[in-house]
Amino acid sequence: MKLNIFLSLSLALLLLASCTKDNYDPPGSTLTGRVVYQGQPIGVRTPAVNNTGGSTTGGVQLELWQRGYQLFTKIPVYINQDGTFSASLFDGDYKLVRLGGAPWQNNTDSIDIQVRGSMSIDVPVVPYFTVNTPSFTFNKTDTTITGTFTATQVVAGRTVESASISVGSTQFVDIINCVVSRNGSAAPGTPASITISVNPARYPAASQDLIRKKLAELLQKQYSYLRIGVKTNGVGESIYSSVQKIDLKFQ
Amino acid sequence: MKTLYKFLIAGCLLTTIAGCKKNWLERTPQTIILEDQVWNDPKQILGLLANYYDRLPTDMGVDGNWRNMADYDDAMWSGYTGEDGRNNIISYAYSRWAYWDYTLIRDINLALESIEKYSVKLTDVQKKQFSGELRFIRAYVYFELVKRMGGVPLVTKQLIYDFSGDPSSLQQPRVKESDIYDFISSEMDAIREDLKNVDDKGTPSNSRANKFTALALKSRALLYAASIAKYNNLMASPISLPGGEVGIPASKATEYYTKSLEASKEIITSGAFALYKGNPANLGENFYEAVVRKSSNKEAIFVRDFLSAKNKRHAFSYDNIPLGIREDNLSSSCITPSLNLVESYEYLDGSNGALKTNLPDNSDFIYYNSPEDIFANKDARLYGTVILPGTSFKGRSVQIQAGVMKWNGTAYQTIEGSQLGATYSPPAFPDGDGKLLTGSSGPHRSIQEVTNSGFYLRKFVDAGAGTSTRGILSDTWWVWFRLGEIYLNAAEAAFELDQKVDAATWISALRERAGFAPNSVTSATITMDRIRNERRVELAFEDHRVWDLKRWRIADQVWNGQPNNPNATVYALYPYRIIRPGDAARDGKYVFVKLTAPRFRAPRFFQLGNYYSAIDQGIINNNPKIVRNPFH
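Line by line, the protein sequences give chains A and U. Remember, this note's numbering sits 23 above the position in the first sequence when you count from 1. Remember, this note's numbering sits 381 above the position in the second sequence when you count from 1.
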């Protein structure tokens, strides 16, 4: 009987001991950076975490690879809407790949990165278009918002499929994440404008009950966040302007 | 005594020696089945085949992954709230449709080689028959692989490792996407005459491959290939890889459409199958039976069968029966069809199927005498697919009513019950009239296992007594191929080849069965949109919608994730009873409200990277010759 007590005690000790010995430290270094074109960060869609724990959920991503280990899988790095990103990593040598399907020219040449402690990098890309000089005005007589912008051609031979204005109630706004959005057209190089109504009465269909409710809330809050997106023909993701906040006051 | 011992010892020795016959160490084992025993016994080969048939994949079915029915725009999830993630798919994962079952391919290749090697007692006909069936299953698996992943390594022989330390001989690259479709086509041509499985009366088996099953696979696969060839190249920037692993040249479209049409035509003209018309008095029931009924149904071409007597059953009815008429005490109402699907069924006069809930100028509701009146004169397939408010199932009426609307002199006040089956009566409602408030089958905005969309699923749910209990379960079959689809395949291919008269004839035949007038579609009125809508309504919940949208390359527009896109959101229809004493034209009547399904959270979002599924990194690590799909 005594033996049993000793046995179980020693087993417990063993279990405790194993808690320290063979576990890894969490990754201690941070890699931060921006996706830039001519020194300016690029706006993209807000990444979202999905219900199964957030592996892939759209937005635009970069990927990191580290060779020399048995488990060779990519480390996805989601780009925030203002073009920044960050990843917690172990010290080591990584390769950073710019993944296809983004609003910039496909270039899968990898970038070598040596992570030693925290560091920051700029990842250069060549977008198909850039969205310049976005400005928004609220017209209180007919409750519309007009966004004016210029889409500038960067890569020759590409055409604009559509431009969009998205109205959101938080600063996380893009064409997926918004209260209302509207597509318009834009010719590269010339100023274009898109007008969208935020009057709930303009969305009468039974299927738009959610939009009506959200717009009423928005008008009550008396401000909204806006963004212009430009979608290149045949590319899934749009490139976005920076987020701007405007007042929706009637007085 | 001594003598006795001598005899005994001698006797023992003798028996021992006797045991040392020649083959003592080479006897046939009693517990292990040997290769040449398996491959010379038709029953054992059939057992293996059954296993392989059982391993054919689906994206949705009646067992296994049937829950995926709730993930597109035809339905939503109304069951257990822990799975509400299905109503909140922010975007489809790139690996969502991934499939890489080379284990099954290897098993089939091994079986094919073993039949060649060991089968000596089988007749030539039997050998061809079994090899043909195995090759059919292999082609089917390759079709599933190519429609999800694009071109994959085409392995038709066992790959055997030589222990040299160098695995590169086993590492095969992906072939062109079109090569896989060509492989399926040529395999079907090669084996179709070998496949018998037709009984004495000339009735083909519908659970084992035969000539017509092979043709049906060819019809479907080549239609997919043709539409990828055509529509991929119509995109602003076609999805393709430099090696052709993904993307088919536009020049091949006509060839594929023609071959698909030939295969479809051969099935239609063979006379072996017929559209099910066993219940002409009730066309809605007739359509339900066409899919579900297992006896004297000449429409089914290839099914995954279940049989209660052999204890092969599934719980699809248990999980999807309407709450109010469920027979078990748990689980019901998981998959509930959307208003989007219901409205895609046209009116019998050919007009748009949008339900009329309000007067044209939006000034008032339209008042219906009973809940089912709003669905009057609709395509009969609607009734056969969906359990509508006011209809019945299993002989019991399914009570669907969201609440009451009470007139307070100037406007309606909407009252919904917190419980199912509640009456509008005191003490909760002091001026209540004692009549029904909320139906015993809902709909309800938040209670789980009751419809959230206002509809229930009828297709594939078993109408037999007790089949929705866990003790009995159901044995309705899952339809892989039926003649209805072949008509649609033929019509689509003919339309693309500009044979509009034929196309209209086949579409009209299906519509006529659903209650439309003869020749309701003519060569002048047929359009691609109409064919697409016919596919949606005829083949709802039969694992076609997502693949169809993919091959037409419109999935990223239909499900673009935007909150103001009505196609990407699941809508509901809530019926209310009117309380307005003194107004005989309105009091006691029913009105309907369309709304976004309350439990539905995120619009469906299908991205360009979803057209081909991501290949798992582990596969690429093992075989560096595998190239990734675009956007991944």
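What the hints contain is simulated information worked out from the structure, not anything from laboratory work. Watch out, some of these pointers could steer you wrong.
Said to hold, decoys possible - The calculated lysine-lysine pairs, modelled on DSSO-like cross-linking and capped at a C-alpha distance of 30 Å, are:
no., chain 1, residue 1, chain 2, residue 2
1, U, Lys582, U, Lys679
2, U, Lys577, U, Lys508
3, U, Lys633, U, Lys646
4, U, Lys424, U, Lys502
5, A, Lys236, U, Lys633
6, A, Lys97, U, Lys1006
7, U, Lys679, U, Lys646
8, A, Lys97, A, Lys163
9, U, Lys679, A, Lys236
10, U, Lys509, A, Lys118
11, U, Lys502, U, Lys658
12, U, Lys538, U, Lys633
13, U, Lys509, A, Lys244
14, U, Lys658, U, Lys679
15, U, Lys509, U, Lys775
16, A, Lys272, A, Lys236
17, U, Lys737, U, Lys679
18, U, Lys538, U, Lys582
19, A, Lys97, U, Lys557
20, U, Lys970, U, Lys611
21, A, Lys236, U, Lys970
Structure-based check of each hint:
{"no.": "1", "hint": "U:Lys582 - U:Lys679", "in the structure": "holds, 13 Å"}
{"no.": "2", "hint": "U:Lys577 - U:Lys508", "in the structure": "holds, 11 Å"}
{"no.": "3", "hint": "U:Lys633 - U:Lys646", "in the structure": "holds, 20 Å"}
{"no.": "4", "hint": "U:Lys424 - U:Lys502", "in the structure": "holds, 13 Å"}
{"no.": "5", "hint": "A:Lys236 - U:Lys633", "in the structure": "violated, 50 Å"}
{"no.": "6", "hint": "A:Lys97 - U:Lys1006", "in the structure": "holds, 18 Å"}
{"no.": "7", "hint": "U:Lys679 - U:Lys646", "in the structure": "holds, 17 Å"}
{"no.": "8", "hint": "A:Lys97 - A:Lys163", "in the structure": "violated, 50 Å"}
{"no.": "9", "hint": "U:Lys679 - A:Lys236", "in the structure": "violated, 51 Å"}
{"no.": "10", "hint": "U:Lys509 - A:Lys118", "in the structure": "violated, 53 Å"}
{"no.": "11", "hint": "U:Lys502 - U:Lys658", "in the structure": "violated, 44 Å"}
{"no.": "12", "hint": "U:Lys538 - U:Lys633", "in the structure": "holds, 28 Å"}
{"no.": "13", "hint": "U:Lys509 - A:Lys244", "in the structure": "violated, 75 Å"}
{"no.": "14", "hint": "U:Lys658 - U:Lys679", "in the structure": "holds, 10 Å"}
{"no.": "15", "hint": "U:Lys509 - U:Lys775", "in the structure": "violated, 45 Å"}
{"no.": "16", "hint": "A:Lys272 - A:Lys236", "in the structure": "holds, 18 Å"}
{"no.": "17", "hint": "U:Lys737 - U:Lys679", "in the structure": "violated, 37 Å"}
{"no.": "18", "hint": "U:Lys538 - U:Lys582", "in the structure": "violated, 37 Å"}
{"no.": "19", "hint": "A:Lys97 - U:Lys557", "in the structure": "holds, 26 Å"}
{"no.": "20", "hint": "U:Lys970 - U:Lys611", "in the structure": "violated, 51 Å"}
{"no.": "21", "hint": "A:Lys236 - U:Lys970", "in the structure": "holds, 28 Å"}
Violated hints for the displayed structure, listed by number in ascending order: 5, 8, 9, 10, 11, 13, 15, 17, 18, 20.
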